Amino acid sequence: MIAQTAPATQSPAVPPSSAAPKRRRRKPSLYRTLSRVLIMLIVIVQVYPLAWLFLTSLRTEQDFATGDPFALPSSLTWENYARAFETGDLGRNILNSFIVTMGANLLIVLFGMMAAYAIQVLGFRLSRFVRGLFLVGIIVPVQIALVPLFIDYSTVNLLDTYQSMIIPLAGFALPMSIYLFSSFFEYIPRETYEAASLDGAGPYRIFGLITLPLSLNTVVTVVLVNSIFIWNDFIFANTFVLSEDLKTIPLGLQNYIGAMGKVDWTATFAAVCVTITPLLLVFLVLNKAMIQGLESGATKG
Amino acid sequence: MLPNRSRTSVLVFLLPPLLLYCAAVLFPILQSLFLSFFSWNGISDMEFVGLQNYIRMLTADDVFWRSFFNALLYLAICLVLQLGGALVVASLLTSLRRGRELIKTLYLLPAVISTVAIAFLFVRIYSIDPVGLLNQLLHWVGLGSLERAWLSDVNTVLAAVSAPEGWRFTGLYMLIIYAALIAVPKELEEAAVLDGASKWTLFTKIRFPYIRPVWITTTIMATTYGLRGFDIPYLMTNGGPGQSSELLTTYMYKTAFTSTDFGYASTISVFIVIECLVAVGLILFMLKRKADS
Numbered sequence: 001m002i003a004q005t006a007p008a009t010q011s012p013a014v015p016p017s018s019a020a021p022k023r024r025r026r027k028p029s030l031y032r033t034l035s036r037v038l039i040m041l042i043v044i045v046q047v048y049p050l051a052w053l054f055l056t057s058l059r060t061e062q063d064f065a066t067g068d069p070f071a072l073p074s075s076l077t078w079e080n081y082a083r084a085f086e087t088g089d090l091g092r093n094i095l096n097s098f099i100v101t102m103g104a105n106l107l108i109v110l111f112g113m114m115a116a117y118a119i120q121v122l123g124f125r126l127s128r129f130v131r132g133l134f135l136v137g138i139i140v141p142v143q144i145a146l147v148p149l150f151i152d153y154s155t156v157n158l159l160d161t162y163q164s165m166i167i168p169l170a171g172f173a174l175p176m177s178i179y180l181f182s183s184f185f186e187y188i189p190r191e192t193y194e195a196a197s198l199d200g201a202g203p204y205r206i207f208g209l210i211t212l213p214l215s216l217n218t219v220v221t222v223v224l225v226n227s228i229f230i231w232n233d234f235i236f237a238n239t240f241v242l243s244e245d246l247k248t249i250p251l252g253l254q255n256y257i258g259a260m261g262k263v264d265w266t267a268t269f270a271a272v273c274v275t276i277t278p279l280l281l282v283f284l285v286l287n288k289a290m291i292q293g294l295e296s297g298a299t300k301g
Numbered sequence: 001m002l003p004n005r006s007r008t009s010v011l012v013f014l015l016p017p018l019l020l021y022c023a024a025v026l027f028p029i030l031q032s033l034f035l036s037f038f039s040w041n042g043i044s045d046m047e048f049v050g051l052q053n054y055i056r057m058l059t060a061d062d063v064f065w066r067s068f069f070n071a072l073l074y075l076a077i078c079l080v081l082q083l084g085g086a087l088v089v090a091s092l093l094t095s096l097r098r099g100r101e102l103i104k105t106l107y108l109l110p111a112v113i114s115t116v117a118i119a120f121l122f123v124r125i126y127s128i129d130p131v132g133l134l135n136q137l138l139h140w141v142g143l144g145s146l147e148r149a150w151l152s153d154v155n156t157v158l159a160a161v162s163a164p165e166g167w168r169f170t171g172l173y174m175l176i177i178y179a180a181l182i183a184v185p186k187e188l189e190e191a192a193v194l195d196g197a198s199k200w201t202l203f204t205k206i207r208f209p210y211i212r213p214v215w216i217t218t219t220i221m222a223t224t225y226g227l228r229g230f231d232i233p234y235l236m237t238n239g240g241p242g243q244s245s246e247l248l249t250t251y252m253y254k255t256a257f258t259s260t261d262f263g264y265a266s267t268i269s270v271f272i273v274i275e276c277l278v279a280v281g282l283i284l285f286m287l288k289r290k291a292d293s
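Those sequence lines, one after another, are chains E and P.
Going by the working numbering, the residue at position 19 of the first sequence is 19; the numbering climbs one at a time, nothing skipped.
Going by the working numbering, the residue at position 79 of the second sequence is 79; the numbering climbs one at a time, nothing skipped.
Pair by pair, the computed Cβ-Cβ distance ranges are:
id, chain 1, residue 1, chain 2, residue 2, range
1, E, F54, P, R98, 20 to 28 Å
2, E, T192, P, L277, 33 to 41 Å
3, E, P213, P, R98, 32 to 40 Å
4, E, F54, P, I274, 40 to 48 Å
The calculated lysine to any residue pairs, modelled on SDA-like cross-linking and capped at a C-alpha distance of 20 Å, are:
id, chain 1, residue 1, chain 2, residue 2
5, P, K199, P, G84
6, P, K199, E, L38
7, P, K254, E, Q254
8, E, K288, P, I182
9, P, K186, P, R207
10, E, K288, P, L102
11, P, K290, P, R207
12, P, K186, E, R32
Please keep in mind that the hints were generated in silico from the structure rather than gathered at the bench.
A quick note: this is a predicted structure, and the numbers were derived from the prediction, not measured.
By construction, the Cβ of each residue, glycine as well, lies at the ideal position given by its N, Cα and C atoms.
Whole structure, please, built from the sequences with the hints as guidance.
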């Protein structure tokens, strides 16, 4: 948690305003101006394509086919959105993505917390070995699991189900979650546990009454960071899901390509805009928590 | 260790996560290893072929080697964009007084967008008819001779499919490096400035050594992510034209699910895992040794 709070406590320490003007007058820093220009340029590169995506979704088709791509749309239209909803079952896709994201997150948080509790708090003889075992999952690419899981799923009839996506998504995210929870549990003082133990609380009550409530912040971090990846997962969904009813957003979007040999780009972009909105809203509202989560996740490594 | 714990309580907490992890991660790895010694199309009987798949992969499969080198180039482009870009922006950002939070948010935005959406977006950015953003931009700055269909030109397609992946995650790595940079003790930096250190020496002698542990972590993250890159090349070009943007991952996927050659696909999978482990080992070896010297 040290790293997580560090940025917050540091930011007020940015040069005191009284000293700043004097220094600035002495050397009208070329370096600072340059770095500002550079930052702006890079931000434009990062953001403009997304703005363009949105603008294009409001263009008419002729405008898109003939016009200068940088120009503002000559007229705005919502028709693309109407066509987007006709072509695909966007509501269904969003619902499916939501179910998969929730299901996987539940497993990641609950199991991550449990494993971290067993390894970090309860402790056992092979705990170092088990911790190492979980580390493998951080390094290994997810593609290795595709063929074996495809075969296993078809023997136990799990192909084309929500579980077929949730299991590997949760499994591969588990190591990072365990890691984040263990590093948080390290900061819960031993005395807290010892006092509770003296009062007669067993490991289950301590988990439920002390560890769980204290870790809510870490839960938020873990959920936010994982949701980005799970919501957008393409490879597991593409491999294990076949029926339209179960298609998540990334697969649903693919339906817009080649449906009739050619692509209706403006409608496709409208669909893209619709599907990125939920996560984008969550991100914009909770970006502070998400950014802190991402920062702390790696700086602790 | 908690005083009042029993063996059962450890198992109650450890077993469910461990089972999930074994089912989804560990067991499939072993299974891939096992399958890599067989020839199997998923329907007929499995046939044990020993090392034959490995021999075919390493000595007789041009597509495999092509994909391997493509994947290395893809990785290199991603690393330059992600780590290089991240380091530059994070350093610049520390000199900024206001708007840091806003820039961090904007910069991270692409990481939230799904790869399918990004693939669509970049297909249009690279397109020539109707003219896409990139070609229009080249035209304006007087480099019209460079205009081309970036995704169907065998010389540019690999770079063209690598760039979106780099673009997408630069913000993520920037955040991590930025968090490390602002944790560098101010006293250290001020002392160096008083001693007359230039911006560059300040960076190479104080800041960078201080953030080295985080740099190692991010390099490992970016490398393992780069080696598992799949979505964007698969969606944008499906490895084409020819094999000019085929990566090991896309080749493995097609071998498994288009040619249904499960045994050989598993052999490629095993190779990818070894490749990742070797890469991580190399990074640790190189960066740790430099730190010691």
